[in-house]
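Asker: Starting from the known structure of chain A, fit chain B onto it as the hints suggest.
Going down the list, the sequences are from chains A and B. Residues in the first sequence are numbered consecutively from 9, following our numbering. Residues in the second sequence are numbered consecutively from 252, following our numbering.
To be clear, the hints were calculated from the coordinates, so they are not data collected in a lab. Please note: incorrect hints may appear among the correct ones.
[Unchecked claim] Under the rule of at most 16 angstroms between Cα atoms (straight-line distance), these lysine to aspartate or glutamate pairs were calculated in the EDC-like manner:
hint	chain 1	residue 1	chain 2	residue 2
1	B	596	B	506
2	B	596	A	92
3	A	208	A	192
4	B	596	A	68
5	B	596	A	95
6	A	106	B	587
7	A	236	A	267
[Stated by the list, open to error] Label pairs and their computed distance ranges (CB to CB):
hint	chain 1	residue 1	chain 2	residue 2	range
8	A	84	B	698	30 to 36 angstroms
9	B	509	A	84	29 to 35 angstroms
10	B	510	A	83	30 to 36 angstroms
11	A	249	B	516	35 to 41 angstroms
12	A	249	B	691	35 to 41 angstroms
13	A	127	B	698	25 to 31 angstroms
14	B	545	A	29	46 to 52 angstroms
15	B	275	A	189	39 to 45 angstroms
For glycine and all other residues, C-beta sits at the position ideal for the given N, C-alpha and C.
Each chain, letter by letter, is given below.
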Amino acid sequence: MTTTNGATAIDLKSVKVFYNDKLAVDDVNIPIYHNKITAFIGPSGCGKSTVLRSINRMNDLIPGARVEGQVLYHNKNLYGDNVDPVEVRRRIGMVFQKPNPFPKSIYDNVAYGPRLLGIRDRRTLDEIVERSIKGAYLWDEVKDDLKKSGLALSGGQQQRLCIARTIAVEPDVILMDEPASALDPIATQAIEELMRELVKQYTIVIVTHNMQQAQRVSDYTAFFSIRKAEETGGQERRWGVLGEYAPTDQLFSNPKAEETERYIRGEFG
Amino acid sequence: MAQRALSETRTAEDQAFARSLAARHFRGAVWERFFQAAIVIGIVALLALMFNTVNRIVGLVAVQEAIHPSEISDVPLEQLSAEQLAAILTERLPSGGRVLVRDGLLGGADYYNANNTLTMGQFLPDVTLPESVASKKLSELQPEDTQALFVAAMDKNTLLDEVYDQVVGRDVVGSWPLTASLFNRADIEAEIAADHPNATLQWNSWLDLQFLVDSMSNTPADTGIRTAFLGTIWVLLLTLLVSFPLGVGTALYLEEYSSGNNWLERFIETNIRNLAGVPSIIYGLLGLAIFVRTLESITQGRTVISAALTMALLILPVIIINAQEALRAVPPSIREASFGLGATKWQTIWNQVLPAAMPGILTGTILGMSRAIGETAPLIIIGAATFIVKDPNSPVSKFTVIPIQIYNWAKQPGGQYQDIAAAGIVLLLIVLLLFNATAIILRQRFRRSLSA
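So that you can see chain A by itself, here it is in the shape it has in the complex (with noise of 0.2 angstroms):
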């Protein structure tokens, strides 16, 4: 695994995330490296998938989510002025923790992102689903079946069949958030296989709960943690840093914080 820095498909600067002017997440600076894997790990509440959010704005659908910082996409702030989030969110596609297929067909599921940018010749959708259903490693199992509702599949398949519809769109970044906590571990497998797979052609950054998935398929990975101070009335104030930044191995063979080290050894979760 490469530890030279490659090009920078994502650059966090000094990315701070306020709900509702309470800060969630401080100061981060990530960058995230083309064509690689990048795990966020750390304990709940650190705002590892605040951070993916804010990545494609997701955060933006948030009543009272606000972002300070840079997020720079080819050396352009995403939360720029003249920035469209719908074509942030089109460059850079999302994967949800729990599958979440719509509840149409598995083909009309497919053709969903595609239509959305008025595709609409039939032979051209055709093209792009079965190379997109092949893409997630699902095509087999459902090419005889393309008419059946995405909801009738197994959990395994339903997350496959959602990145098979992210990846219709071609987007250039893919972010997945705990794509296989929802899953038995047969099932993770195969979506661990496919992210290695993907990652030829994407650009993958995932947040995950599992320190082994990390350690399995990421080539970098953040840890984040969490930080808190007494308020004024013994209220209790707790917002999320990156605690450290580093190649995969890296990190878990010789962390340089003390709390990443403890963190990896389990002593908290």
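Answerer: Same frame as chain A, but now just chain B:
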């Protein structure tokens, strides 16, 4: 008992537990019986209602003819020509048939009184009349004019019906409910023999095809509900047309677009909820003031469109609140998935949120329409016609609706009016069921297309 088998030691604690367990089970059983009783009471009430209505609709009637047809014509009436039938009407009816012209052709006493000055040609522009008739007012008509008028304005079957109704005078002089007809026939026959020696007894159902297709009449035996039935259909369709897009649109804006944080939006939301509980008669007053009076130039006063707009206002809160609940129940994961693929807000709403919420939205619409179908008070306020023979054929037609018709019949003295009111009630229930069934089928179809 089970607890005895489990507690072998029988300590004081075990015994206390056994006692309290029995008490806990007993309390549950009492509630279960109560819930059962509630259902039984409901079913009994429903059966009583159904029995009461059906009992009224079917039964024996005593029919009597004022003049036997053989006294009018040597040949059976069916073989007479239109001219001959018209001549009979002119000859036998009061004022040389002018009363029938007024009530049968011009739309009744109110219409006549208000428009006493118009000529026949102005009243009946659709009918080709001889010039001598067209230029006359009602009071100037001579018997030969009315005869020409009848031939021009009615076909032969209508004339025949009028001869039977007005001249032969088939009259129902008595009617009995189903139970009495079945079990007390001897008494009924004795009563008929004493009071109406010429009358004959026959079985009759007030709810028949004739009842559906006949328009209103002064005699209960001849009256029908067609005008009110068509009025109900017109009002309901227009109500749906207005309230569905407005209601769903409002709900969409409040749920999907507005932040819900400023005082104006909270004020609106609270008041929509309050409006759902406002008594319907108040909507009637509102409709009277706005749609009937202020907007008279558009709605033409007491018309179908005024009624439909008032009804739409009445059921809007129901539709909005249910649509809001349905939109809120759409899982956020579907929205996220759509946004995550680069959909705009409208694409997400149109392709994902609306279809997912549609079953709930339709449920609200069913509730609203079910309410509108039976509402009477606001329509009485805005002035639905009490006696009308002309079918509504446009949004600015005068109209009446089934519940108002039922009310008008039910308040008349005389047994047969009660019978046709019962027939009207059953028809209203059938329309309601058909309407709800359609909506439920639609809802199921949406739901099936959403699930696996």
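Asker: Is 46 to 52 angstroms respected by the C-beta to C-beta distance linking residue 545 (chain B) and residue 29 (chain A)?
Answerer: This hint holds: roughly 48 angstroms between Cβ atoms.
Asker: Honestly, do residue 249 (chain A) and residue 691 (chain B) meet the 35 to 41 angstroms range at C-beta?
Answerer: Taking Cβ atoms as reference, residue 249 (chain A) and residue 691 (chain B) lie about 55 angstroms apart, which means the hint is violated.
Asker: Between the beta carbons of residue 510 (chain B) and residue 83 (chain A), is the distance compatible with 30 to 36 angstroms?
Answerer: holds, 33 angstroms
Asker: Tell me if the straight-line CA distance from residue 596 (chain B) to residue 92 (chain A) falls inside 16 angstroms.
Answerer: Status holds; Cα separation ~12 angstroms.
Asker: Decide if the proposed pair is consistent with the structure: residue 596 (chain B) and residue 506 (chain B), CA atoms, cutoff 16 angstroms inclusive.
Answerer: holds, 13 angstroms
Asker: Checking one constraint from the list: CA of residue 236 (chain A) to CA of residue 267 (chain A), max 16 angstroms. Satisfied?
Answerer: holds, 14 angstroms
Asker: At the C-beta level, are residue 84 (chain A) and residue 698 (chain B) separated by a distance inside 30 to 36 angstroms?
Answerer: violated, 44 angstroms
Asker: Against the range 39 to 45 angstroms, how does the distance between the Cβ atoms of residue 275 (chain B) and residue 189 (chain A) compare: consistent or not?
Answerer: holds, 41 angstroms
Asker: Using the beta carbons of residue 127 (chain A) and residue 698 (chain B), state whether their distance is inside 25 to 31 angstroms or not.
Answerer: holds, 29 angstroms
Asker: Residue 208 (chain A) and residue 192 (chain A): Cα distance at most 16 angstroms?
Answerer: Violated - the C-alpha atoms of residue 192 (chain A) and residue 208 (chain A) are around 25 angstroms apart, more than 16 angstroms.
Asker: Below or equal to 16 angstroms on CA atoms is what counts here, so check residue 106 (chain A) against residue 587 (chain B).
Answerer: holds, 11 angstroms
Asker: Does residue 95 (chain A) lie within 16 angstroms of residue 596 (chain B) when you go C-alpha to C-alpha?
Answerer: holds, 12 angstroms
The structure shown violates the earlier hints numbered 3, 8, 12.
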